[in-house]
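*Asks:* Just so you know, the sequences run in chain order A and B.
Each residue of the first sequence is one higher than the one before, starting from 62 at the first, in our numbering.
Each residue of the second sequence is one higher than the one before, starting from 74 at the first, in our numbering.
Treat the hints with care, as some may be off.
[Unchecked claim] Here are the simulated distance ranges between beta carbons:
(1) I367(A) to D253(B): 45 to 53 Å
(2) S384(A) to T252(B): 51 to 59 Å
(3) L118(B) to S384(A): 39 to 47 Å
(4) V249(A) to L118(B): 55 to 63 Å
(5) V249(A) to W386(B): 28 to 36 Å
(6) D215(A) to D135(B): 20 to 28 Å
(7) N270(A) to T252(B): 41 to 49 Å
(8) S335(A) to A200(B): 40 to 48 Å
(9) S384(A) to W386(B): 41 to 49 Å
Read the hints as simulated data drawn from the structure, not as lab findings.
Think of the CB as a built atom: it goes at the ideal place given N, C-alpha and C, for glycine as much as any other residue.
Take a look at the letters that make up each chain.
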Amino acid sequence: MPDSLRRFGRSPLFWPVLALAALLLLNLVLNPLFFALRVDDGHLYGSLVDVLKNGTPTALIALGMTLVVATRGIDLSVGATVAIAGSVACAWIASAPDPTSPSAAMVGAGLALGLALLLGAWNGLLVSVFGIQPIIATLVLMTAGRGLAQLVTDGQIITVANPLFGQLGGGYLLGLPLSVVLAAVVFVAVSLVARRTALGMLIQSVGINPTASRLAGVRARGIIWGVYVFAALCAGVAGLIISSNVTAADANNAGLWIELDAILAVVIGGTLLSGGRYSIGGTLVGALILQTLTTTVYTVGIPPEITLVFKAAVIIAVCLLQSEKLRARFRRRPARPVDPAPDVGGDGPVQPSMPHLTKANR
Amino acid sequence: MTATLPPTVGSTGPTGRPSWLPGPRLLPTLATFVVFVVLFGAGSLRYDGFLAPQVFLNLFVDNAFLIVLAVGMTFVILTGGIDLSVGSVVALGGVVAAKLLALGWSPVLVLVLVPVIGTLLGLAMGAAIQYLEIQPFVVTLAGMFLARGLCYVISVEAIPIRDPLFTAAATTAVYLPGTDLFVSPSVLVAVLVVAVAAYVLASTRFGRTVYAVGGNSHSAVLMGLSVARTRVAVYAISGFCSSLAGLLFAFYSLSGYSLAAVGTELDAIAATVIGGTLLSGGVGLVVGSLLGVLVLGLIQTFISFEGTLSSWWTKIVIGALLLVFVVVQRVIVRRPT
Numbered sequence: 062m063p064d065s066l067r068r069f070g071r072s073p074l075f076w077p078v079l080a081l082a083a084l085l086l087l088n089l090v091l092n093p094l095f096f097a098l099r100v101d102d103g104h105l106y107g108s109l110v111d112v113l114k115n116g117t118p119t120a121l122i123a124l125g126m127t128l129v130v131a132t133r134g135i136d137l138s139v140g141a142t143v144a145i146a147g148s149v150a151c152a153w154i155a156s157a158p159d160p161t162s163p164s165a166a167m168v169g170a171g172l173a174l175g176l177a178l179l180l181g182a183w184n185g186l187l188v189s190v191f192g193i194q195p196i197i198a199t200l201v202l203m204t205a206g207r208g209l210a211q212l213v214t215d216g217q218i219i220t221v222a223n224p225l226f227g228q229l230g231g232g233y234l235l236g237l238p239l240s241v242v243l244a245a246v247v248f249v250a251v252s253l254v255a256r257r258t259a260l261g262m263l264i265q266s267v268g269i270n271p272t273a274s275r276l277a278g279v280r281a282r283g284i285i286w287g288v289y290v291f292a293a294l295c296a297g298v299a300g301l302i303i304s305s306n307v308t309a310a311d312a313n314n315a316g317l318w319i320e321l322d323a324i325l326a327v328v329i330g331g332t333l334l335s336g337g338r339y340s341i342g343g344t345l346v347g348a349l350i351l352q353t354l355t356t357t358v359y360t361v362g363i364p365p366e367i368t369l370v371f372k373a374a375v376i377i378a379v380c381l382l383q384s385e386k387l388r389a390r391f392r393r394r395p396a397r398p399v400d401p402a403p404d405v406g407g408d409g410p411v412q413p414s415m416p417h418l419t420k421a422n423r
Numbered sequence: 074m075t076a077t078l079p080p081t082v083g084s085t086g087p088t089g090r091p092s093w094l095p096g097p098r099l100l101p102t103l104a105t106f107v108v109f110v111v112l113f114g115a116g117s118l119r120y121d122g123f124l125a126p127q128v129f130l131n132l133f134v135d136n137a138f139l140i141v142l143a144v145g146m147t148f149v150i151l152t153g154g155i156d157l158s159v160g161s162v163v164a165l166g167g168v169v170a171a172k173l174l175a176l177g178w179s180p181v182l183v184l185v186l187v188p189v190i191g192t193l194l195g196l197a198m199g200a201a202i203q204y205l206e207i208q209p210f211v212v213t214l215a216g217m218f219l220a221r222g223l224c225y226v227i228s229v230e231a232i233p234i235r236d237p238l239f240t241a242a243a244t245t246a247v248y249l250p251g252t253d254l255f256v257s258p259s260v261l262v263a264v265l266v267v268a269v270a271a272y273v274l275a276s277t278r279f280g281r282t283v284y285a286v287g288g289n290s291h292s293a294v295l296m297g298l299s300v301a302r303t304r305v306a307v308y309a310i311s312g313f314c315s316s317l318a319g320l321l322f323a324f325y326s327l328s329g330y331s332l333a334a335v336g337t338e339l340d341a342i343a344a345t346v347i348g349g350t351l352l353s354g355g356v357g358l359v360v361g362s363l364l365g366v367l368v369l370g371l372i373q374t375f376i377s378f379e380g381t382l383s384s385w386w387t388k389i390v391i392g393a394l395l396l397v398f399v400v401v402q403r404v405i406v407r408r409p410t
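Okay, chain A solo, but in the shape it has when bound (with noise of 0.2 Å):
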């Protein structure tokens, strides 16, 4: 085996990465089709083409929540940022006095983005500077802002017909939808803010060990502030471009469960919820594996209705694979007598006088 295909082989992208390589085959094979790209008027269509488009909100989301959770965070309120988001802009737009003009969807656009940085902002407080465990001080948004989005359009379901606000959802850039254009460049920035300047080495040193950070010199609290606004305006971009794929602002069912989603594909990339270790490619992958799970059961023909067992399968799985103490056992290696255990102080003697202990404790 080539050196470099071996040393991929140890990376924690290689069984995301197989794993989607592994999906598409799939669809392959029952639809010789699915690799087919057309050019129709300039604009690329194609199955391929629509996971990532369909893709986009959530693995934009996702690139946020990456952030958060390597800082040891969680941000359980971007399904509402997302609701808030699109109900906001979609409510501004139909109120102006032309619902049609291209100063109106700015405007609620704007406002939206705005709102949602205020939001982020509000997390970011609970959880850095109040101290607030990260998935509490998300859920008190993720329980009151749809209410708050249910409150902006009166509980109705607000259409648009705003022409530059159908683009971001609906628009073509170079023949690719604006959407994923727009995704891809996120991306690739944050990509290198993370991996070659010193910021993205800080938001890791949080997550390893945020007391140690803070001695470093590190200012911990804005970035763990920072993060969150990130997360919650990337949650707002996700929400616009919902909304304007529907040309319309559902507070009801926009960005419903896509927290969980996020959190899905950022563990499947093989981000630690425990913080510390994060991917961004790894996230990408993990948000391509989920769309391409959901094309997937309808091209198979899975009836709809299994589809949740369907991804709690691969969920399990993908999980298990990942697992390193499943690893562990499956290794030729003899397992090794007594872990040393974390945060015991490190003085020997404690573990050789109980193994016993140690042991069916474990």
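Given chain A, put chain B in place with the hints provided.
*Replies:* Relative to the frame of chain A, chain B by itself:
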């Protein structure tokens, strides 16, 4: 290890606070109680007929299944974990029960089998969390999808329940002795679950181990406590409670529907947190979770008494209340003890 709390009567505690003051561990639960009383008082002043014992009892009748869910969730959160699958398992319990009854199974057998399924599902998730070291969040999320998906596999449409035993459980009113006040049989089940759980957590070896695992699992290991077994067991308990809640929900709605109880896991988590259980584990009381559910139920009652308020106000108020509680908890925890 004997299961007793350090005696505080008649002396000042280790913190120097007078012993008649509730400790920081009890304070959040007491705060929830105060909020409940204040909300109820405000309702009684504002609306005619709010201050009726039956209104109070209806909180139990309408939320019996949520009480059982919150009890299971309390066990899991006390160990520092989380269980997102509970809402889906409620639906699964209801759908399985309705389907089996429709196939002509004996209702007694169904009442036994459904909790067994839930317990096994919880056991499997607990084992994956403990032995494969996968995050509880991810495992129970997969469990959530799996349980909800199995509901759809069994039936997409709602299945009505016409079994005499189930109908009786739905329609029987249990009158409180000497009054014309009544509750449903489900309430008795829920209260029993709360009582048993409170006893188990407060005065059994297992219960104290749950607190120890949540407080500091490494210390618990070094103390020789059966951490692994306890951690698996709390998920099994949560699975049991969820499927039991599924049966109670089936009694309440007399049907099994795959879309039932969507998002209930968040209500259960919110109730547990409002009840004073810390999500980091180790601190909390089952009674607090019961109070949390009652507070959530009270907000619903408010909305229905008000009449003109739209349903989304429920979510906004619950969110705001959640916020107040986590901030208050944070202040209490931060205070040097």
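*Asks:* Against each hint, give a clear statement of whether it holds in the structure.
*Replies:* Results for each hint:
The hinted range of 45 to 53 Å is satisfied by I367(A) and D253(B), whose Cβ atoms lie roughly 49 Å apart. Between S384(A) and T252(B), the C-beta spacing of about 56 Å keeps the proposed range 51 to 59 Å intact. The hint said 39 to 47 Å for the Cβ distance between L118(B) and S384(A), and at roughly 56 Å that hint is violated. At about 60 Å, the beta-carbon gap between V249(A) and L118(B) stays in the expected band of 55 to 63 Å.
A beta carbon spacing of about 43 Å between V249(A) and W386(B) contradicts the range 28 to 36 Å that was offered as a hint. Our hint of 20 to 28 Å for D215(A) and D135(B) holds, since their Cβ atoms are close to 27 Å apart. In this structure, N270(A) and T252(B) break the distance hint of 41 to 49 Å, their C-beta atoms being roughly 60 Å apart. Taking the beta carbon of each, S335(A) and A200(B) are about 20 Å apart, not inside 40 to 48 Å as hinted.
As the Cβ distance of S384(A) to W386(B) is approximately 44 Å, the hint placing it in 41 to 49 Å holds.
In the structure shown, a violation is registered for the earlier hints numbered 3, 5, 7, 8, in ascending order.
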